[in-house]
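Please build the complex by placing chain U on the supplied structure of chain L, with the hints as guidance.
Keeping their order, the protein sequence lines are chains L and U. Under the working numbering, the first residue of the first sequence is numbered 5, with each subsequent residue one higher. Under the working numbering, the first residue of the second sequence is numbered 3, with each subsequent residue one higher.
One or more hints might be untrue.
[What the hints assert, rightly or not] These stretches of chain U come out as covered by chain L in the derived footprint (C-beta under 8 Å, 3 or more residues): (1) 145-153; (2) 268-275.
[Stated by the list, open to error] Label pairs and their computed distance ranges (CB to CB): (3) W160(U) x A160(L): 27 to 35 Å; (4) Q72(U) x D158(L): 31 to 39 Å; (5) T68(U) x G151(L): 25 to 33 Å; (6) N314(U) x T107(L): 48 to 56 Å; (7) N314(U) x D199(L): 51 to 59 Å; (8) T152(L) x S292(U): 30 to 38 Å; (9) G87(U) x A100(L): 30 to 38 Å.
I should point out that these hints are in silico values taken from the structure, not numbers from a laboratory. Note that beta-carbon positions come from the ideal geometry of N, C-alpha and C, so glycine has one too.
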Amino acid sequence: MGAAALGAMSLVLAACGGSGDGGGDSTSGGTSDLSGSIAGAGATSQEAAMAGWIAGFTEANPGVSVSYDAVGSGGGREQFIAGAVAFAGSDAALDADEVSGATERCGSDVLELPIYISPIAVVYNLPDIDAEHVQLSAETIANIFNGTITNWNDAAIAAENPGVTFPDLAVVPVHRSDESGTTKNFTDYLAQASDGAWTDEASGDWPIQGGQSGQGTQGLIDVVAGAEGAIGYADASRAGDLGTVALQVGDAYVPVSAEAAATAVDASPAAEGASDTQITIAIDRTTTEAGAYPLVLISYEIACQTYTDSAEAANVKAFLTYVASNDGQQRAADPTVAGSAPLSATLQGEVQAAIDTISAS
Amino acid sequence: MAVTSPAREPNVPAAPTLPPAGRRRRRSGRTFFGLSIGAGVTILVTLAAVAVFLLIEAWPAVTASTAQLQEISWFDASSLLAYTGPLIFGTLLAAVLALLMAVPVAVGIALFISHYAPRRVAQGLGYLVDLLAAIPSVVYGLWGVLWLQPLLDPFFAWLSSSTFGVLPFFADYSPPARNMMTTSIVLAVMILPIITAVSREVFLQTPRLHEEAALALGATRWEMVRMAVLPFGRSGVISAAMLGLGRALGETMAVLMILSPGYLYSLYLLKPGQQQTIAANIAAKFPEASGLAVNTLVATGLALFAITFAVNMLARWIVARRKEFSGAN
Numbered sequence: 005m006g007a008a009a010l011g012a013m014s015l016v017l018a019a020c021g022g023s024g025d026g027g028g029d030s031t032s033g034g035t036s037d038l039s040g041s042i043a044g045a046g047a048t049s050q051e052a053a054m055a056g057w058i059a060g061f062t063e064a065n066p067g068v069s070v071s072y073d074a075v076g077s078g079g080g081r082e083q084f085i086a087g088a089v090a091f092a093g094s095d096a097a098l099d100a101d102e103v104s105g106a107t108e109r110c111g112s113d114v115l116e117l118p119i120y121i122s123p124i125a126v127v128y129n130l131p132d133i134d135a136e137h138v139q140l141s142a143e144t145i146a147n148i149f150n151g152t153i154t155n156w157n158d159a160a161i162a163a164e165n166p167g168v169t170f171p172d173l174a175v176v177p178v179h180r181s182d183e184s185g186t187t188k189n190f191t192d193y194l195a196q197a198s199d200g201a202w203t204d205e206a207s208g209d210w211p212i213q214g215g216q217s218g219q220g221t222q223g224l225i226d227v228v229a230g231a232e233g234a235i236g237y238a239d240a241s242r243a244g245d246l247g248t249v250a251l252q253v254g255d256a257y258v259p260v261s262a263e264a265a266a267t268a269v270d271a272s273p274a275a276e277g278a279s280d281t282q283i284t285i286a287i288d289r290t291t292t293e294a295g296a297y298p299l300v301l302i303s304y305e306i307a308c309q310t311y312t313d314s315a316e317a318a319n320v321k322a323f324l325t326y327v328a329s330n331d332g333q334q335r336a337a338d339p340t341v342a343g344s345a346p347l348s349a350t351l352q353g354e355v356q357a358a359i360d361t362i363s364a365s
Numbered sequence: 003m004a005v006t007s008p009a010r011e012p013n014v015p016a017a018p019t020l021p022p023a024g025r026r027r028r029r030s031g032r033t034f035f036g037l038s039i040g041a042g043v044t045i046l047v048t049l050a051a052v053a054v055f056l057l058i059e060a061w062p063a064v065t066a067s068t069a070q071l072q073e074i075s076w077f078d079a080s081s082l083l084a085y086t087g088p089l090i091f092g093t094l095l096a097a098v099l100a101l102l103m104a105v106p107v108a109v110g111i112a113l114f115i116s117h118y119a120p121r122r123v124a125q126g127l128g129y130l131v132d133l134l135a136a137i138p139s140v141v142y143g144l145w146g147v148l149w150l151q152p153l154l155d156p157f158f159a160w161l162s163s164s165t166f167g168v169l170p171f172f173a174d175y176s177p178p179a180r181n182m183m184t185t186s187i188v189l190a191v192m193i194l195p196i197i198t199a200v201s202r203e204v205f206l207q208t209p210r211l212h213e214e215a216a217l218a219l220g221a222t223r224w225e226m227v228r229m230a231v232l233p234f235g236r237s238g239v240i241s242a243a244m245l246g247l248g249r250a251l252g253e254t255m256a257v258l259m260i261l262s263p264g265y266l267y268s269l270y271l272l273k274p275g276q277q278q279t280i281a282a283n284i285a286a287k288f289p290e291a292s293g294l295a296v297n298t299l300v301a302t303g304l305a306l307f308a309i310t311f312a313v314n315m316l317a318r319w320i321v322a323r324r325k326e327f328s329g330a331n
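The shape of chain L in the complex, shown without the other chains (with noise of 0.2 Å):
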């Protein structure tokens, strides 16, 4: 049932994207009438969707112009907070700290959207490995990124891995050394689903002193990219000729992909507070849901529901439309884009019900 939704979910895109892009050429600025400019500022996961977001939206609304300045999650929400800007993206909800400062800012209730999900892979360099994904548990992940685990040929990870002979190679795990949401969401990831191996909290900072580690995500997959026997964990659409990790959820293996990260969201629980307009999910790491892939990170899109000019307002909900329609959803998932995973169907009437309550006070 999942899949013929899909399937009909890009056969519609595909449709639009043709119309889309036609009426773009033919009529250019006939499309829409709407005009101004809109600033956000934010987390740097997004940025690469963003830029494609830009684009598209700008294809079909010439008069309007965005900007995105990637400073930071933290950096987005003060600027937000401050007034700055007219959005903000962000890879960590606000806190109720934030959420009284925004309202303020707002004059109104704030919007909190989970816009882009994006599927973290643990890629390795084993070139020489007779194995499509090595399958791993958490805690296996765990005691590999906290050094208990020190050569591939160990006892845990053959056992997940029946008929795979690993070479007598020492494991070099590598972190982000600068900080990250990607880093947050993966040892959260480890501190919630490795039964008690992996004892720091999450962290947006890599926890543990020393170790190999590259600054960026592609400076991570460099660095694994050039030690056999490295071990790291990015973006999955940056992951390229790099193996990735099938990790165990339940009692199956579950290899990385979009669909597969969707399907972890929305088997994922509210998060405490969470509301109509403030859409917050507390990822199930822990999920034993079929075909789930726990191991994601969410981004936040956090806008006003009414804003004093009644243009921005127009904007701002035209432009958070776009991005959450099935247009804007697969222009990131795009490999060439971001990489990102769509989102599901109820996730997205659910935003779209919240855009649709944006109005100029």
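For chain U alone, kept in the frame of chain L given last:
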């Protein structure tokens, strides 16, 4: 002037033209004097402005309580000093190691150019060295990551597993070679040209008479270099080394690209994730920093400023002290 000249004696035509020319010369002299004073003052003002900026921006971090500082996500030390300490250690370690490797080689190259190579080779080599100094550091960083790291990997692996591996310097190597040793080798290559260029110039200044006297006493060429050239050039080589040290201390891009950072007082040179330098740390953390985090980074920058200042003072003091003993007098 043209009006008055016919009334004057024809044999003294130069007299009336002198005063205006002199005045003009005096005026241009005064202008130049003003300009040069202005340039000198600008330097001082800039330096003072940088120092004041660093102090003002660092102040909130210096006065903040540990609890406030620990709200910064990456701040896990017990105080600002405890956070900056390992960074200062890492900065000095990288720079000193680079200097240890670069100075002997640089002096060798400089001596070859100034006293051994045939003139034409020496000239070409001199240009080449100057050219090396002009390569931007990000290119050295790329070179280190893409070319040097894979090359060093088998050597480090052997070193670490051999009997030398019991020494902390060579223990616990883990590929790829993103460690302090690779970093300091790249830094050494980066500072080699400047040390070579300055040393070469100094060696070329050796008084011809000293050299000929040494040779006349029956010295071989090496003995002549040891007796006449090196003592004469010693203070120059020291200032050259300090110039190199200054560049190594502040080097950012290459370190950022090559080193897996860590925040320990560690002498493990082959183990990844042990040390970090101040400059690379600022570059890595600044893009996503806000509020007190920025102040904390500026405070570490202030420490780097102070270190660089101290190194320069030390160099000047050494040079001044050695001057009287050098062969220059």
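Each hint tested on the structure:
no.: 1; hint: 145-153; in the structure: holds (count 3)
no.: 2; hint: 268-275; in the structure: holds (count 3)
no.: 3; hint: W160(U) x A160(L): 27 to 35 Å; in the structure: 30 Å, holds
no.: 4; hint: Q72(U) x D158(L): 31 to 39 Å; in the structure: 36 Å, holds
no.: 5; hint: T68(U) x G151(L): 25 to 33 Å; in the structure: 28 Å, holds
no.: 6; hint: N314(U) x T107(L): 48 to 56 Å; in the structure: 54 Å, holds
no.: 7; hint: N314(U) x D199(L): 51 to 59 Å; in the structure: 56 Å, holds
no.: 8; hint: T152(L) x S292(U): 30 to 38 Å; in the structure: 36 Å, holds
no.: 9; hint: G87(U) x A100(L): 30 to 38 Å; in the structure: 36 Å, holds
Every hint from the earlier list agrees with this structure, and none is contradicted.
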